[in-house]
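Student: Construct the entire structure; sequences and hints are all you get.
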Amino acid sequence: MISWIAPANRDDSVFLEPSLHYCARHLAWTPDIVVGDMAYVNLHAQRRLREDLHVALVTKLKPNMTLPEAFDDAHTMTCEQGQVLRWLGLQELDQLHWFGVTDPQPLCLWCWQRSSCPQQFSFPPNAHEILYGTIPLSSSVGQRLLRQARSWIEATQAYEKNQLGLSQFFLNSLRLTWVVGLLADTIALLRALAITTEPKSATLLHEIMPRQTHFDFK
Amino acid sequence: MYLRRLLRKNGGFGFWSGHARIFQVGSAIMKRLPTTGTGALLELLSRYIPDDLINALWRRPSGPGRPVLFSPAQLFRITLLPLLTPAHSFNLVTELLPEQRSWRSFARLRNRHALPDVRMLHDFRTRLQLTQLRRVNEQLLEPLLEGTSRFAKNVAVIDSTDLPAATNAYKKIPPASTVRIGPTPVVAAAKRDRAVISLATKSTRCGSGFAKLLPAFCWCH
Numbered sequence: 001m002i003s004w005i006a007p008a009n010r011d012d013s014v015f016l017e018p019s020l021h022y023c024a025r026h027l028a029w030t031p032d033i034v035v036g037d038m039a040y041v042n043l044h045a046q047r048r049l050r051e052d053l054h055v056a057l058v059t060k061l062k063p064n065m066t067l068p069e070a071f072d073d074a075h076t077m078t079c080e081q082g083q084v085l086r087w088l089g090l091q092e093l094d095q096l097h098w099f100g101v102t103d104p105q106p107l108c109l110w111c112w113q114r115s116s117c118p119q120q121f122s123f124p125p126n127a128h129e130i131l132y133g134t135i136p137l138s139s140s141v142g143q144r145l146l147r148q149a150r151s152w153i154e155a156t157q158a159y160e161k162n163q164l165g166l167s168q169f170f171l172n173s174l175r176l177t178w179v180v181g182l183l184a185d186t187i188a189l190l191r192a193l194a195i196t197t198e199p200k201s202a203t204l205l206h207e208i209m210p211r212q213t214h215f216d217f218k
Numbered sequence: 001m002y003l004r005r006l007l008r009k010n011g012g013f014g015f016w017s018g019h020a021r022i023f024q025v026g027s028a029i030m031k032r033l034p035t036t037g038t039g040a041l042l043e044l045l046s047r048y049i050p051d052d053l054i055n056a057l058w059r060r061p062s063g064p065g066r067p068v069l070f071s072p073a074q075l076f077r078i079t080l081l082p083l084l085t086p087a088h089s090f091n092l093v094t095e096l097l098p099e100q101r102s103w104r105s106f107a108r109l110r111n112r113h114a115l116p117d118v119r120m121l122h123d124f125r126t127r128l129q130l131t132q133l134r135r136v137n138e139q140l141l142e143p144l145l146e147g148t149s150r151f152a153k154n155v156a157v158i159d160s161t162d163l164p165a166a167t168n169a170y171k172k173i174p175p176a177s178t179v180r181i182g183p184t185p186v187v188a189a190a191k192r193d194r195a196v197i198s199l200a201t202k203s204t205r206c207g208s209g210f211a212k213l214l215p216a217f218c219w220c221h
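Taken in order, these protein sequences are the chains called A and B. Going left to right, the first sequence walks through residues 1 to 218 as the numbering used here numbers them. Going left to right, the second sequence walks through residues 1 to 221 as the numbering used here numbers them.
Bear in mind the hints are in silico, worked out from the structure with no lab data behind them. Do not rely on the hints blindly, as some may be mistaken.
[Said to hold, decoys possible] Simulated pairs of lysine to aspartate or glutamate, EDC-like, Cα-Cα distance not exceeding 16 Å:
id, chain 1, residue 1, chain 2, residue 2
1, A, 161, B, 43
2, A, 60, A, 73
3, A, 60, A, 37
4, B, 153, A, 37
Tutor: As structure tokens, this is what we get:
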């Protein structure tokens with residue numbers, strides 16, 4: 001857990017790279033994927049993180065950003081004839097994302113370009129750091145990260161502000177705010193330690209609780 | 001009353017590993033830990049506080065002067081109490097400490113009549129350096145990071161939130177509009193109209209200036 005306290009007139013995105021470099025230098029650890037919101041969109045920083053620290057940053061696309069030709073919208077990639085393409089994976093050696101047709105009934109059966117079409121297309125990650133990057137935004141992984149993992153931060157922030165009372169403190173200096181913020185981190189870490197190390201309390205009624213029956217049809 | 005949100009607590013790097021596992025652990029967590037603010041949570045968290053490290057970081061060199069009545073670990077624990085109890089104020093915690101047995105037990109204070117006062121806590125807070133606080137957090141973080149090695153991918157989430165502050169020093173700058181860089185046609189047309197009016201004004205003849213003085217009214221004659 002790395003926290004920064006800054007005046008509200010500072011931009012959010014400037015804290016992304018220092019946070020990851022701090023993790024690498026002091027903790028000898030970096031996350032594989034960072035999920036941020038649109039405030040952290042910075043294509044140059046995103047490229048540096050991908051190439052230098054091997055960290056993937058997944059964010060939503062800003063509404064006024066220009067899409068490459070292959071995209072109808074940010075979540076749908078299609079070929080020239082309109083067939084939807086799905087992400088097949090990143091080939092690390094060549095640094096190429098491969099997209100292909102995975103529909104069970106594709107339009108390719110009736111396409112006049114079928115004989116000359118490879119049906120799989122590659123794009124380098126640096127073609128667009130948000131749409132391709134390390135994890136393409138249109139992929140199911142990227143969508144799931146934004147939809148499910150991202151929502152957990154709201155509960156974390158709400159806990160610190162409401163339960164720990166950060167929003168009720170009388171904060172009249174940046175230094176005091178730093179101290180209180182880092183103490184709140186200490187409590188969050190103490191809770192995490194308690195959760196991971198305390199023995200689980202077994203439910204007394206566990207044996208008689210209803211559970212899903214599994215049928216083995218093989 | 002209008003509260004201006006000036007300071008921002010930025011970051012909140014939470015570690016989550018493996019999508020399915022995250023949410024199973026998360027739902028179990030909330031049910032197992034006692035409610036924040038209760039004595040049960042204080043008792044549970046008390047055993048994880050690294051007292052030795054805290055004493056080593058903030059130990060004062062012995063010498064002449066006022067004797068040290070409380071250890072840095074005791075003062076650090078009291079400093080945590082405003083966050084862990086419903087009294088979200090350092091002064092209020094000091095006032096309520098004699099009445100709250102579980103708070104004193106958390107702070108390792110055995111005698112209810114010998115408690116640190118507001119000034120002692122203030123002095124201790126001024127000695128808290130950010131690097132030292134980060135050092136405490138890093139020690140707490142080490143076992144958690146070791147646990148992440150068994151997962152294929154680690155996911156971090158970054159976010160920022162606003163905290164209300166009682167200062168006028170830092171004003172929040174509203175984000176710049178990124179929708180359109182150039183002037184809109186309506187604004188551009190209005191500017192052209194103003195320019196025409198301006199030109200018309202400038203082309204009017206100027207009536208001021210020096211006229212030729214009559215010799216009769218000149219002082220030198």
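Student: Of the hints stated earlier, which fail here?
Tutor: Structure breaks hints 1, 4.
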